[in-house]
Amino acid sequence: MSPIKKGHTLTGKQYWRSLDELAGTPEFEDWLHREFPQGASEWNNAWSRRSFLTLMGASLALAGLSGCRRPEEHIVPYVKKPEDMVPGNPLKYATAIPMGLHACGLLVESHEGRPTKIEGNLKHPANRGRTDARIQASVLDLYDPDRSTVPSRGGVRSDWTAFVSFWREQFVAFQATGGEGLAVLSETFSSPTMMRLRRAFEARFPNARWVAWDPISDENRYEAIRAVLGRVHQPVFHYDRAKVVLSLESDFLLTEPEAVTATLGFTSGRRIESEKDQMNRLYVVESLYTLTGANADHRLRINSSDVGAFALAVAGELQRQGLAIEGLNGLTVPTMTGRAAEWLAPLAKDLLRARGESLIVAGSGQPAAVHALVMAINGALGNLDRTITYVDNRDAAYPSTSGLTKLTADMAAGKVSALVMIGGNPVYNAPADLNFAAALSKVATSVHLSSRVDETSAATVWHIPRSHYLEMWGDARSLDGTLSVIQPLIEPLYQSVSEVELTALLASGESARGYDLVRETWAGLVTGNFEVGWQTALLNGILSDSALPSIPVNAAQVGIAQAMASHGWSLRPTATTNLEVVFHPCYTTGDGTRANNGWLHELPDPITKLSWDNVATFSPKTARELGVQNEDIVSIQLQGRELSIAAWIVPGQMDNAVGLSFGYGREKAGRVGNGVGVDTYRLRDSQNMYRAGSATVSNTGRRYELATTQDHGSMEGRPIILMASLDEYRENPDFITGASVIPEFMAESEKAKERDLVREYPSSWKEPDYSTGYQWGMSIDLTTCTGCQACTVACQAENNIPIVGKEQVRKGREMHWIRVDRYFTGDVEDPGMEHQPMPCQHCENAPCEQVCPVAATVHDTEGLNVMVYNRCIGTRYCSNNCPYKVRRFNFFNYTDEYPETIKMVQNPEVTVRSRGVMEKCTYCVQRINRGKQVAKLENRSIRDGEVTPACAQACPAEAIVFGNINDSESRVARVKRINRTYSLLGELNTQPRTTYLASIRNPNPEMKA
Amino acid sequence: MAQIFPKWTNRLPLYLALGVLVIGTTVVLLLWYYGSPRYLEVGYRPIQPVAYSHKLHAGDLGMDCRYCHTAVEKSRFATVPPTQTCMNCHQLILPESQKLLPVRESWATGDPIEWVRVHNLPDYAYFDHSRHIQSGVGCISCHGNVAQMEIVSQVEPLNMGWCLTCHRDPAPNLRPVDQVTNMAWQPPADHAEWAARFMQEHNIRPPEDCSACHR
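Same order as they appear, the protein sequences are chains V and L.
All the letters of the first sequence, read from the start, carry residue numbers 9 to 1017 under the numbering used here.
All the letters of the second sequence, read from the start, carry residue numbers 49 to 263 under the numbering used here.
Treat the hints loosely; a few may be bogus.
Cβ-Cβ distance ranges computed for the label pairs, FRET-style [to be verified]:
hint	chain 1	residue 1	chain 2	residue 2	range
1	L	Arg59	V	Glu80	48 to 54 angstroms
2	L	His215	V	Gly121	29 to 35 angstroms
3	V	Pro79	L	Pro255	50 to 56 angstroms
Under the rule of at most 25 angstroms between Cα atoms (straight-line distance), these lysine-lysine pairs were calculated in the DSS-like manner [said to hold, decoys possible]:
hint	chain 1	residue 1	chain 2	residue 2
4	L	Lys147	V	Lys88
5	V	Lys100	L	Lys122
6	L	Lys122	V	Lys88
For the chain V half of the interface with chain L, some residues (derived, Cβ under 10 angstroms), not all of them [to be verified]:
hint	residue
7	Ile83
8	Asp154
9	Ser156
10	Gln934
11	Asn947
12	Ile950
Worth flagging that the hints you see were computed from the coordinates, not collected in a lab.
This structure is a prediction, so every number in the text was calculated from the model and none was measured.
Even glycine gets a Cβ: it sits at the ideal position worked out from N, Cα and C.
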């Protein structure tokens, strides 16, 4: 039977998901034709299946004996009930998550005092209610069973009072010398209270020093700003105002701390309702394949070290086309070759057309020279004060690698007698050439504030447990200066203190409460009645009008050539054929602080789709030349240092580039993160923080198994993502109709052309009446979706989805209810990339329901395809029959052995599933029921937008819209009327309630590729 | 040679088949009856840590259910009152009573009283008190006449089939919303018409979907 025309799409592009698929290897074919991978249903443990059955038989017999008696359950009420607390109804509190120099506003859901779910605060301008996977997963860190519970001294249990009296002695001694030999190493922060206390500390100990440092930061950007403007100002990028964006290796959509803000802004310029709307355009020049590159309209792969030369060539081309760029004289404009040369003229023309509405951004890995040049070009294009503003943030501690280098040298020389580290983990992540661990051993008194006894705490005298941000008082500014209170949701679970409380002790010698310290700072920030202003700030989550005023930056002031000359910076193309190592932060583990978070480890990387590991990535050509295949262990030599790591081939990466991500290979992260991946900080030195040339790579001949979700649930090459360019869309607004596949036997039918198949060919089943009441539906816009997977983690947090671990993921047993599929398009060496979120499609004519022998999956009257766990007997027929492969089976009782603290993060509104049960997306039926309850009590119906599933709520691109499709005025009904709407595999007549909006790209017609 | 098996053994298979049928039917019937919630659950009457009498408080003294079960109109839980609620009165009334010792101990130490749950639904069933109260389902419909119970016991089976009987035909169990806690309320003669009108006005359409309670 082959009624379906395969691969018939508008653009005629070939879609493929992995190299194996493209090559049609037997492994892939095998994988494809099994619903569950080979051996997935076998028990490959130390126990044999037989001994398991024996033991189970025995325990069943015993269980039978005790089963007759009804278990006695207890109801334990409060002794004194807190005000406003109604058991069963969660409360939400506004707080903020500090992210280095940035912060996002949050509303955190609390069930009877337990924070369980994080959502964005709509009132906060930085994220306007949206979040990303890292923020979503941070609630799990609160309940991390490997957090330390008490302070320790020399590895021996101590307490906070002991540390306070210890510090008082030190305090008195250091006061005599003005703090000679005393040093503080902190993370970067942007907090009025922290800065106030730091100033108090510096006033008390004028000879002491305070160094702020992060392993991954925008330091190069700040260095450029300092060189050009004389002092550091905080740049604020307004992607929402930009019509043309050029990213010079900046991954602003994913790994940068301000990714949520950038995604919100960038996608707002891409949201189109009809073919008449305008779209912004994104050019990306990069070495590795980043998610920003995946969303580009034009992507150029280039050596990371040549990005600066490319930027200079762009500047030269802009000058040639008539733009005067101040201070560029004296710089030799390099000549570009190949595709880079073809890019210059149309790119410069596009930038010039969008003067004042364009935005050039360089990545944090690029050297200061590139950032300075980019400032000059942005200035000449009139972008400063428009798409980029600068604010003077006096509450920010900026990172300083030179400060760390000098501090470490002084420590090694014995000039530092006491070092207090507020957060951070320098023993693990300081540049390898500094030899921080050896220097630390020379310090007599060392103190480390950390959530766990990590690599650094193990090497210090004192370890002080650090409070999670959900259990402390504090404050934080976002990049634009908007100020929020960090409000605790829960008393500290352990004997921990916050950075504010520790700093206060350092500065004053007295232990103080975070609440009082923050209020003391805010007394100077709140205008008018303090109590009223403070309560309003707590309620709203922000201090109104606290965004900092932008500093006017004069373009002529940007003297790039002088700055470069005085700093000895250069922008020459390297034209190297050596292997170049490019370091990048991992989206999930970041710099390694989130390494004990199972949700994040299990989240596949958006590009490689690997979970639970980091790898060295190579382009297909380089891999061929090196004789390296996926899962080979390669040895990377760099400046006398060596690292063995598994290899992975990423099509579209620059040839001769080796991509290495940070944040893995932790030794003291905890039970989840220990030994996951390889520590790549060992290759990094302070001169080559983000890239290093002249690496040698050799294949060790050993193999390492990686867990990829790449080929899971493949859709057999059918047109799953429909896409067109904006021009094609304008020419043919109804391209969807032409692009969808119509089964041959109904090709002649008029109705079939209107894609209204079910009405023409009635189903064999009794069709319920869906014309009354609430009818839930969802629309996912593939144009704005960036593929960041915030939805996946938000869903995991909301719906108690278990973590299954690397072995299980490798067998295809990951449990995510909404996965994000990634497809490559086009040429193997330099392909494009598309992402598609894939939850249950809630088919009205659902194939899964038709094969369930026990009616465990059925339809309800509101169009939900519901899964009844207590009926399910685990035949897995439904999953076999699902064309979208969105059903997940509990092969084991994954939640059974959760530590007590992890049980606290579970959502009490959702059943925790056991072994042998199928599960899948429910459209967050618990939220629908909550919405109905609230509406019922007010005797009205649910308003549009009142019920939002976790995925749609989190999405920073606002790509997912949910609501009642029976209400023609609802947002989802309006979005579904857009002519780009299509049903996935609509030809199967499944009538999905989840529909997609086709992906539209906006390539420059004057540019070839 | 004598027959090994006597003649009656010819009919042995028939007897066996009949026997299996009879015994099988009996076992099924016994399990059906004795294994049902109506037999196993109804009448469950655990002894509570405090000898609290609903008959005294709700019946003789006429206290409203909502004086203690405060969240019943707002939340899916009716909630058992905090010790504080008991002490509102018992600071002054019977402050020396031996029966109230556990309450005073709880108040003094801050340790909560561990009441024994009487009405226990499975964890995968999400029952919502507030929506039923708002729809005019009386407390008595599920909990029985608590105002006459010295010790609370379960009077209804609370199984899914029992829930569905009412969801399919809710009218007999509906009453004016201001009468839901009234244990003595009797339906008037024209109750059926009133209920039909009430359901219309309050848009009462009890769901029979799985997703109504299971999620």
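**Message:** Is the interface hint satisfied for serine 156 (chain V)? The criterion is a beta-carbon contact with chain L at less than 10 angstroms.
**Reply:** 28 angstroms, violated
**Message:** Against the range 50 to 56 angstroms, how does the distance between the Cβ atoms of proline 79 (chain V) and proline 255 (chain L) compare: consistent or not?
**Reply:** 29 angstroms, violated
**Message:** Hint isoleucine 83 (chain V) vs chain L: min CB-CB distance below 10 angstroms?
**Reply:** The hint holds - isoleucine 83 (chain V) has a Cβ within 10 angstroms of chain L, the shortest such distance being about 5 angstroms.
**Status of the aspartate 154 (chain V) interface restraint (C-beta, 10 angstroms, chain L)** = 28 angstroms, violated
**Prompt:** Holds or violated: is there a CB of chain L closer than 10 angstroms to the CB of isoleucine 950 (chain V)?
**Reply:** Check failed: Cβ of isoleucine 950 (chain V) comes no nearer than 12 angstroms to chain L, outside 10 angstroms.
**Cut-off 10 angstroms, beta-carbon criterion: hint that glutamine 934 (chain V) touches chain L** = 5 angstroms, holds
**Request:** Note whether the CB distance of histidine 215 (chain L) and glycine 121 (chain V) lies within 29 to 35 angstroms or breaks it.
**Result:** 34 angstroms, holds
**Message:** For lysine 100 (chain V) and lysine 122 (chain L), compute the direct alpha-carbon distance and say whether it is at most 25 angstroms.
**Reply:** The given pair, whose Cα atoms are some 16 angstroms apart, holds under the 25 angstroms limit.
**Request:** With a cut-off of 25 angstroms on the C-alpha distance, tell me whether lysine 147 (chain L) and lysine 88 (chain V) pass.
**Result:** Roughly 21 angstroms separates the two Cα atoms, so the pair holds.
**Message:** Restraint: asparagine 947 (chain V) near chain L, CB-CB cut 10 angstroms. Satisfied or not?
**Reply:** 7 angstroms, holds
**Asked** If you draw a straight line from the CA of lysine 122 (chain L) to the CA of lysine 88 (chain V), is it 25 angstroms or shorter?
**Response** Cα-Cα ~19 angstroms, so holds.
**Item:** Beta-carbon spacing of arginine 59 (chain L) to glutamate 80 (chain V) - inside the hinted bounds 48 to 54 angstroms or not
**Value:** 52 angstroms, holds
Consistency note: the structure conflicts with the earlier hints numbered 3, 8, 9 and 12.
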